[in-house]
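Colleague: Line by line, the protein sequences are chains A and B.
Our numbering numbers the first residue of the first sequence as 1 and each following residue consecutively.
Our numbering numbers the first residue of the second sequence as 1 and each following residue consecutively.
The reader is advised that the hints may include incorrect statements.
Said to hold, decoys possible - Short derived list, chain A residues pointing at chain B, Cβ under 10 Å:
1. Phe3
2. Phe6
3. Cys48
4. Ala76
5. Phe80
6. Asp83
7. Pro85
8. Ala100
Stated by the list, open to error - Okay, derived cross-link-like pairs now, BS3-like style, lysine-lysine, Cα gap no bigger than 30 Å in a straight line:
9. A:Lys107 with B:Lys202
10. B:Lys286 with A:Lys97
11. A:Lys112 with B:Lys156
12. B:Lys262 with A:Lys107
13. B:Lys262 with A:Lys135
14. A:Lys40 with A:Lys54
15. A:Lys135 with B:Lys156
16. B:Lys262 with A:Lys64
17. A:Lys112 with B:Lys262
18. B:Lys156 with A:Lys40
19. A:Lys112 with B:Lys238
20. A:Lys123 with A:Lys40
21. A:Lys107 with B:Lys200
22. B:Lys58 with A:Lys9
23. A:Lys28 with A:Lys40
24. B:Lys262 with B:Lys156
25. A:Lys19 with A:Lys5
26. B:Lys156 with A:Lys64
27. B:Lys58 with A:Lys40
28. A:Lys40 with A:Lys97
29. A:Lys66 with B:Lys156
30. B:Lys324 with B:Lys200
31. B:Lys202 with A:Lys112
32. A:Lys28 with A:Lys9
33. A:Lys5 with A:Lys107
34. A:Lys5 with A:Lys97
35. B:Lys156 with A:Lys97
36. A:Lys19 with A:Lys66
37. A:Lys107 with B:Lys156
38. B:Lys200 with A:Lys82
39. B:Lys238 with A:Lys66
40. A:Lys54 with A:Lys82
It is worth saying that the hints were derived from the structure and are not from the lab.
Ideal Cβ placement from N, Cα and C applies to all residues, glycine included.
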Amino acid sequence: MGFEKFGRKSFTGVTKTAKFVDLLTEGKVEGTVCKQCGAKFFPPRADCASCLSKDMDWFEMPTKGKLETYTIAYYAPFGFEKDCPYTMGVVDFGALKLFARLANDIKPEDVKVGMDVSVRPLKYEDDQMSFEIIKA
Amino acid sequence: MAKDVAVIGVGQTYFVRGYEGSIRELAFEAFREAMQDAGITQKDVAASIFCSAPEYDKQRSPAGVLAEYLGLIPQPTFYIETVCSSSSSGVKVAYSMIKAGLHDVVVVLGFQKMSEITSAESQERMGRGADIQWEAPFGTMMPAYYALYAQAYMAKNGLTHDDLMNVRLKSATYGQVNERAVYRKGIKAEDFDPNNPDAKMKGAVAWPLRVGDACANADGASCIILANAEKAKAFSKKPVWVMGIGAASEAVNMAARPDFAKGLSVGYAASAEAYKMAGITSKDVKVAEVHDCFTIAEIMAYEGLGFAPMGDGKQLIREKATYKEGRIPVNVDGGLLSKGHPIGATGGSQIRTIVLQLRDEAGPMQVPGNPDIGLVHNVGGVGLYGNVTIFGR
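Okay, chain A solo, but in the shape it has when bound (with noise of 0.2 Å):
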């Protein structure tokens, strides 16, 4: 029931948006909605950064998207070596944006800035849970 399940490893153990990674098992990429004022977000947050509410709903994110820009990483910090090379990427939904890394599949000579992108949980094959962007 942790977060430390979040990511290819997690550095934060203890959150109030902990159900994002109960939401990713089920299936479901979330962000926040403040009930107060509608303020969206993603990543999740506890607290509205607009008016100071700390009533929030989850909601899915949407599925279309363009790819805004991203990055071909050759190095990786420590434990994430095995994983290089590894593309990392930002993807514009037009009122919200998502930081991922982009799925395994998608060769790097074929990513292009402002492709057609979507986005999917993750598994990993040690039962951590993550999202990724993959081709729309």
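Using the hints provided, position chain B relative to the given structure of chain A.
Modeller: The following block gives chain B in isolation, referenced to the frame of chain A:
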């Protein structure tokens, strides 16, 4: 120009790999030089501020330890941190204290002994360089973040790998004549050539950025001594006045960033504030130090500071306008790329360079024509923090 607060002394160590001494001894070298430059003794100093990125320090709360070693007790001392822009943030706080009338002479000492920790420890910390909750779990590092900006920028604005290379060639030109720089070798275009098996700068680090696009880690310290007008006139024959200060912050998470092709927002916001306070425009700046932790960062800084229109920064490097003899000389001390980037010391080192330029004491790096206004652009994190400081004589 308001002549309220001046820099009266500057100092900097050699930037090196593996400094053979402790952080207090490293700090002492920069402090001693700045004190001799100012011609003052410790009893003239009213307060001190120490600046570094704490994840490299084994010493908890270094300010008290360093203040004692420098002979600056019992005067007040404390610590300021904004990662790579820590020491220009320290100068902003020192300015504020002096302007408020709280203290008359303040020492700002930036330091970093990056070799204090092992390379494995350093790799581990680099994985936690930005948002540890939502981004580090993907395996992010500093070069990858700047590469995100580079990729979007190159796609939109026609910036090429040759343009990025030319930024590095410029920095190497001046790194060779800066005896304090960590990287003093010359670099040629063939060092970036993908077809040259011996090219040491061509290897991809985080595409599109290569080895040659990244600055060098280093150990080093810098020291800036500031004073009010009365003390500045009493102590210094060549005071360099603080004309304008601007600072800004930005969202840490890449998902909350505006258009990546437009560069770092803090450069625009901080410079607008600094120009307004100084009552000048970008055209009045005669020499500048910008935060070139990566080659792309220098191009983005040209635009954030108004030296080139948005999207057109490449023209400055293509026309060699930012060389010493050009329209707006930038990083003619080698910049972070060649001089090295000992995180907490960097802002103070940039300020020292501009102060020496305005005093006509920059030696082989001196910009001709007696520059009277200089600018320092110092960024912390991936544009998380930005400080722009303008100086005049």
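Colleague: Determine which of the earlier numbered hints do not hold for this structure and return their numbers in increasing order.
Modeller: 3, 10, 19, 27, 39 and 40
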